[in-house]
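Q: Start from chain A and add chains B, C, D and E with the ligands according to the hints.
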Amino acid sequence: MARAAAPSVRRGKTASTGPPLVSAGLLLLLWWAAARAGVLGDGLVPTPWQTLKAAHAMWADGTLAADLRASLARAGQGFAYGATAGVALGFLTGHRPRVAALVSPVMSFLRPIPAIALVPLITAWFGIGEQAKHLVIAYAVFLAVWLYVHDGVARIPADYRRAARTLGVPAWRRLTEVLLPAAAPSVVTALRHGAGLAFLALVAAELGGAQSGIAYRLQVDGQFLRTDHMFVGIIELGLLGLAADALIALTGRRLIHWSTS
Amino acid sequence: MARAAAPSVRRGKTASTGPPLVSAGLLLLLWWAAARAGVLGDGLVPTPWQTLKAAHAMWADGTLAADLRASLARAGQGFAYGATAGVALGFLTGHRPRVAALVSPVMSFLRPIPAIALVPLITAWFGIGEQAKHLVIAYAVFLAVWLYVHDGVARIPADYRRAARTLGVPAWRRLTEVLLPAAAPSVVTALRHGAGLAFLALVAAELGGAQSGIAYRLQVDGQFLRTDHMFVGIIELGLLGLAADALIALTGRRLIHWSTS
Amino acid sequence: STGAADRTTATTPVTIAGSDYLGGAPVYTAAQDKRWAANGLTSHLQSFATGRDALNAVLGGQAEYGVVGDLPAVSAILGGRDIKVLAALSSFTDWRLLTTTSARITSFADLKGRKVGLPEGTNVQYALTGMLTEAGLKPADVTLVNLAPNQITASLARGDIDAGLTFPSFYDATGTTLGTKYRELRYAGYPFRTLLIAGPGANTSTSTAVLRTLTAATAAAAKDPSAARKAVITQAAGAVQPAFVNRHFASYDYDVTLDRPLLDLLLDEGTWAKSTQKLPGTPDRATFLNHIDRAPLTAAAATAVTLPAK
Amino acid sequence: MIRLEGVEVRYGDALAVAATDLEFAQGSFTSLLGPTGCGKSTLLNVVAGFVPPSGGRALMDGAPVTGPGSDRGMVFQHYALLPWFTARGNVEFALKRFGLPRAERRAHALRALDDVGLADAAEKYPAQLSGGMRQRVALARALAAEPRVLLMDEPFGALDAITRRRMQQLLAELWRRTGTTVVLVTHDVDEALVLSQRIVVMAAGPGRVIADHRMDDGTASPEDTRPRIVAQLDTEPR
Amino acid sequence: MIRLEGVEVRYGDALAVAATDLEFAQGSFTSLLGPTGCGKSTLLNVVAGFVPPSGGRALMDGAPVTGPGSDRGMVFQHYALLPWFTARGNVEFALKRFGLPRAERRAHALRALDDVGLADAAEKYPAQLSGGMRQRVALARALAAEPRVLLMDEPFGALDAITRRRMQQLLAELWRRTGTTVVLVTHDVDEALVLSQRIVVMAAGPGRVIADHRMDDGTASPEDTRPRIVAQLDTEPR
Ligand SMILES: Nc1ncnc2c1ncn2[C@@H]1O[C@H](COP(=O)(O)OP(=O)(O)OP(=O)(O)O)[C@@H](O)[C@H]1O
Ligand SMILES: Nc1ncnc2c1ncn2[C@@H]1O[C@H](COP(=O)(O)OP(=O)(O)OP(=O)(O)O)[C@@H](O)[C@H]1O
Ligand SMILES: [Mg+2]
Ligand SMILES: [Mg+2]
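Chains as they are written, first to last, in our numbering: chain A, 749 to 1009; chain B, 749 to 1009; chain C, 294 to 603; chain D, 41 to 278; chain E, 41 to 278.
Calculated cross-link-like contacts (lysine-lysine; reagent style DSS-like; alpha-carbon spacing at most 25 Å): (1) C/K474 - C/K405; (2) C/K327 - C/K523; (3) C/K571 - A/K801; (4) C/K408 - C/K431; (5) A/K801 - C/K567; (6) C/K377 - C/K571.
Think of the hints as simulated: they come from the structure by calculation, not from any bench.
For clarity, every value in this text was computed on a predicted model and none was experimentally measured.
Chain A extracted, bound-state conformation (with noise of 0.2 Å):
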């Protein structure tokens, strides 16, 4: 899609570095402030400074990139799975009110089921592989990128399909040619969602069957009460899943570049 004359609708709305930085720096002082205060009980918080050496030392042993590198590949592959499978049946279900009537009560059925209750169940299955981890990740993806599709597409004006239709459009060209940019910013807002919940999912993923992983790491220093690794971990996911939002709401704004109104 053409991009030339797009500034001239949407100016303003472009992001910038500042106010990201003031917040990540208000952050900061409040953490750095209540870990000196000590309010926050004996060793339960470190102090940023304890952080980053925590940080330090598991970079310097080669932990920290093991474990980003386990982990980002589990949550990328599960969101991959989950965010396809939440889109594709969103789609459909919302295009097709009789297929959502079926399918809306299982995903509401299974939404509160944690997927933590579920390992021993997944365990059970699919073993203690990546792809059982996977399985995880994409579960809870699918059921959260789901319902905003799902949302966004039943949504879409009728105007929209009724012109399509009278054009002579094909059920395809009318999906991705109508459906796919009418319901973006669902699928954008969507996508948002379901990569927080990527990373999230790690803990019930990187439960068992795990040698590195974010997670895993934050469950056996947990165990040894290392609260300056564990913020270490706490921090990686926050970051990664920061990032993973500002590209998929970066290339969300590069391709719905046209204003509705």
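A: Just chains B, C, D and E with the ligands now, with coordinates in the frame of chain A:
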């Protein structure tokens, strides 16, 4: 708002109980067949019949009712806090891009951080009382609700706000009579998702200091691999989520009776 | 300043974070027998999923006392946290390596080159090290597979692992699930201790009253074990299976003590944890002695303290 | 050929269009006139297949209309442009089914936009166009699809007099050249008289046909017809 | 009084309206005529405070316009009705700020809808109304708010001739009675001549004012002005 003329606008969109029953029946059949065929690992997956017997036993000794009551109260309270905060902040950030630029990265950072990883901190700061549990649930609900409400509010057509301002409608009424109804579909979807998460978050919330609750029971029964009891808990969570979802969806349909095209 | 509880009529509230109804049984039998009140205390018993969670509650000041396993306490001590070990409440030696007949493991020596699943970083990993050492093997001789405690059974059933270690609560269910394929190897070389620890908020007189209560409860339980079992079951209110309590209660050796073997265990576990996890702190006698408070137990039951002061 | 047999449309309880029989012959050009809210758009929607009639049926070449199809094109009252395509993109969207090579399709679209006076605005998105420009894009798009039946809902309503006249000429030429069946909804009696062979006048409360003027068979001349239509439009209450 | 001082509007690089000076006196009635896309809506949007000028400034009673306000009402080209309110609800939405008692406000709204011929449709939602009905609800809503300046963007474009004439009369009466300043964008030269005291003619490429006909000060009579305007509208390229 008057409802008299509504049905004509949205015919064919009312919920029916038929398809949900069909999918429930299909799922049950699938479960029964799988459990019978033994493909699910011996003893790791109870049959529907075994599960029913377990549910009956749990009902007879009072734990089922006590757990339900405790978890419902917690999920309800936590949902109320989290949803209120999420909707409020979503309206603020959706309406004010400057605030959004500050808040949005913080939320993206927090989204991938599992509540379970924060439980030790929350235990340390807020103890193990009901309030700490509400906090854990509210946190999970808040993050999910915020994103979708924010997104919905940010996409309200400019013309609605413009019309309101040229008509001299003050800020408060612009919120309640323009932004709120315009974003209502997004709010309903956000709340549906949030309700599911409220039950999901019970897993983290009831990790410590609880003596009853569905997720507490799941964990305790998990210690002994009592899969039949665990299935009762999982199904309870699913049904609660389904019921909450149906309630919110129904209320939403009654409130949002107009059509936008 | 001992015996405050005897002189005042008002009771002192104590909050105890527990995680193990069997290892910490005296805490619960005391409650069942109203022994806390008899010693001038009002007890608030909190229950947590794991000893680590209970420990966190103590560290966060949410509970003055905690009933925790030995390893979380060792981790906290090495991490320089402000806790004191007041006494060991029980000792457990009935560890089992779970395996299947098809894995053909009949002794710990057969573990060489095999896949062993266990929840990493917990004391069952320490137990495995003991099993291997006993068979003349090193940790590097087996392939460790980190699994959640509740994954061991399924992984064994599928053959994803050759052997597994998990907590006693899973033993029976694993036997049932695996049926005739089930095989276990017993291991008594790790005397797991359940400890009573105190956070910074505890004072000696209250601690003494707590220990007096637990000592009395332990003595009473020794006289009437079946009543004690019933008391634990009642107090647990569904958190543990009655069958499990009845079967394993006898595996625990209840004695409120501070003894030499305890120090040796803490030292050994500390050394192990430091070497496998590169923990901070020095696992030497001085470190652990610094975190053991002999005064309350000495005041409550002087003969129970056999640990040398230096 | 399109036939409406006793078509009746209800929204809930309200009768929007009372039982109506109409026939639009192949290659005919009919205008639909009537006060606002009398059911013109509704009738067009029935033919297009968007609104199923509550009673009676619509037939296209003898087959019942069950949904929209490329044989019946539509210029929507509210344009229904796709906001993610440029003006050219919207026209090309309609052209793709002809399977032209890319360059040719593009040239075709630009020509269609030039025809409606929008050569300069080809790369603009709908949100960047004025109301009248959007309307002309919608017109260009519908014409480009070359439907056998062209349903137009006030297609010139947002245009100034000059542009309007030009668009009328464009439509008239196209009709003469291709023999498309045209049904045009308009509020402009003169427009209807200039363009069409036949004028159907509707009235509201409930929507129904009250007159059918046929200028093609010589039974009515434009000069006589105009005052009659004006009178018919005026006699209606409200 | 409204003053535009060298107002210029750019969208990106494109110049939509070139530097324009205009003044609308208190209580005056001005029509804005011009080909589609010449910047009529854009100019109205500047006065309404929706679009900040890229150059120059707009003043309302001497104070710069920084945003929308209740002193400047608007009938939007695309209506901008609130879909969650009925027709009556939309009008009441505008009336609430007057603090009338409920019943009185309701009666007032129903009267306003009756004035535009929609007494029967008061309880219908926008999605249940035809195009022309929606336009009249938008009109009723804007009038009910009693703004000091009324900006109208083709407010009668979707109406049939009869209804249109009635709405014109309604507007003329209101203007005479209340002395509201009216700026009306229309494509209908006769409408402009009948209603307004002054006709500003714009041209496109870039949008600019090319003529300013004042009938109120006797310098121009409707009879002379008509052909002049028609010629001016026609001379434009495209
Ligand atoms: N979706 C709907 N639900 C309920 N009533 C509707 C709906 N659509 C139209 N109507 C009603 O049907 C009648 C006819 O509407 P229609 O849009 O066909 O009129 P029209 O002749 O096209 O008018 P206009 O010239 O204003 O466009 C109107 O009274 C309108 O209120
Ligand atoms: N948001 C926008 N972005 C870019 N260009 C725009 C935008 N809005 C309007 N334009 C351009 O500005 C010019 C003037 O548009 P405007 O809507 O003011 O015309 P108009 O005189 O109201 O036309 P009409 O009679 O068709 O409503 C047009 O060329 C249009 O393409
Ligand atoms: Mg219409
Ligand atoms: Mg305009």
